[in-house]
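Visitor: Protein sequence lines, in the order shown, are assigned to chains W and V. Each residue of the first sequence is one higher than the one before, counting from 0 in numbering that gives the first Met the number 0. Each residue of the second sequence is one higher than the one before, counting from 0 in numbering that gives the first Met the number 0.
FYI, nobody ran anything at the bench for these hints, they're computed from the structure. Everything numeric in this text was worked out from a predicted model, so none of it was measured. Careful: at least some of the hints might be erroneous.
Here are the in silico distance ranges between beta carbons for each label pair [as the list claims (entries may be wrong)]:
#1 Glu173/W <-> Arg61/V: 50 to 56 Å
#2 Gly264/W <-> Ser225/V: 54 to 60 Å
#3 Arg238/V <-> Leu105/W: 29 to 35 Å
#4 Thr174/W <-> Ile78/V: 56 to 62 Å
Note that CB positions come from ideal geometry on N, CA and C, so glycine has one too.
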Amino acid sequence: MEMPSRESYPMPVDWLCTPEASLMNSTGWWGALALAALLATSAAAAKEWKMVRLGTDATYAPFESVDPSGRIVGFEIDYAMALCAKMKVTCTFQNQDWDGIIPALLAGKFDVIFSSMNITAERARKVLFSDMYYATTPVFAAAAGNASDDVSPAALEGKTIGTQSSTIHANYLETFYENSTIKLYPTQDEPNLDLASGRIDYVVGDSLVEADFIEKKGNGCCRVVARIKRIDEIHGPGVGAAFRPADAELKDMFNKAIAEADADGTFNRLQARYFKEDIRGK
Amino acid sequence: MWKLLRHDGRAEVSWFSLLFGPDGWGGLLLEGAVVTILLAVITVPFGFAGGLAVAVMKLSGRRPVRALCEAYTTFFRGIPDLLSLFIVYFGLQALIDRIGGALSPGVHLQLNAFAAGVIALSIIVSAYSSEVWISALQAVPRGQREAARALGLSPRVTFAVVILPQMLRIALPGLGNIWMVLLKDTSLISTLAAMDLLRAASEASRNTTRPLLFYGAAAAVYLAISIVSGIVQAGMERRLDRGHA
C-alpha cells in the first residue's frame, strides 16, 4: 500500500504563525546554554605546560588498572606521577579504551599516552615517542594441563591463539602463525579469560601481565609455556610515552624526567614495589 | 551452607564482601548508576524538546526545512546508536577544534565522554521522539484550535494551554518507550571508558573474574530503574487521563 506523502497530511499546526521561529528560538537558546555548560574547558596552554593529561587503557594489571574505588592504579601510574613531580607539572589520568587511544590523543582528549605502548615504526608514523622506559618479554600461555612447551608455528597449526588487537602481539601472531586461528580481543583480559574457560588454546601476552593474571585471577587455570624473543621490526625497543607530533617540547620534558628517574634510583624503587625482575631493559 | 573452594583450596571470597565489603565494588557500581541516571535525566529535556521542534518543522515548515528534517531523522534512526556516539565524540570534537582553532587559538574546548553522551543521545532521542510528537500533533482535533482561536486566544497560548496538554496525553506512552530505550542506550558511553553502571560492572568482573555476580548486579540495578520509571509513567498517564473515558 502506498503511504500518503507528508504534503497530503492535514496541516494541524498553522496555529503557530511563526512556529519554527518561536519554538526554535527557545530550544536553540537553551541548547546553546547547555552546550556551554557541558563542554569541559581545559586551559591547555600551548607553550607552557602546567597541566598534563595522560590517557591510559586501565585494563592491564599490574601496569594500569582500576581499583574498587574507581581510581586508576598500577606501576605506570606511579611512575608517571613520579615523572610529573620531576617536571613540576600537575598530571591527571583518564581512562581510554585501547583501540581508540591514538585517535583520542590526536583529537586532543588528552596530551600523552602512558599505557604500556611499545614503540613501533608503524605507530611512530602517527605519534611522537619518548625514550623507552621499560621492556618486557612476550610469552605464550596455555592451559595448565597442556604439557607441551613447543609453540613453533608448526606445532600450533590449527590451534586457536588469542591476544589483544592492535598490539605487538597481534602483529607477531599475524606475521608468523598464519596457519593458526588468531582471535583478537579489545583488552588482554578477555583472551586470558577465554583461555581459562577453555575457549581458546593459547594466549600471547606480556610476561608480567600473564603472570599477574595467572596468580591473581586465573585460579591455577594456566601456565606460561614459552617466552618469545623480541624481534626489533615487530616488538620495537620497548615501551614509551606517545605524544602528538606537534608537542615535541613536551616529549623533551618527559625524556629529561625519564633520565633523572633512572639516575636517582626512582625507577628502581618503584619497580621493586611491583616486580621481582628488572624491567628497565637498558 | 557449603563453601565454594578454589582450585588451590583457598575459600572463595563471598559475593557479599565482593559487593559490600571494605574492598568491595558496590560503591563503584553505585557511582556508575548515578552517572547512568544523570546522563538519561539530563538528555531527556533536550531530546524531547528537540523532537517536538523537529515534528513542528516537519509538519509546517517550508519544503527544504521539511526535507532537512526528514534527512535528519532518517539518518539517525538508520545508523547504529553507537555509531552516532562515535560521530559526536570523535567527529564533532574534530569540528570544534577546527572552528575553535580558527576563531580563538589557545582556547581549547574539550568534549568529555559524558558531554558527548548527552549530545549524541539528545540527537538520537530527538530523531525518535519526533515521530511520536507528529502523531500526537495530528491526533489533536482541528476543532480544538479553531475553538481556541474563536475565543481570542493567541497562537502561543493556544499551543500552551489547549494543544500541548492534549498532545502530551497521546504522546506519553510513546515517549515512555523512548525513555526506556534511552536508559539502556546510556550504556553505550561505557565504550568511551566513562564509568557508568555497565563499565563499573565490567571493571569489577575484570578484576575479580566474577562476571555473573557483577553483570547480574548491574542488570538488577537497570531493572530497578526501569520498574521505577514504569511506575512514574503510569502515574503521569493516570493524571493526564483525568476527564477521559
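Visitor: Please name the hints from earlier in the document that this structure breaks, with their numbers sorted from lowest to highest.
Guide: Of the numbered hints, 3, 4 do not hold.
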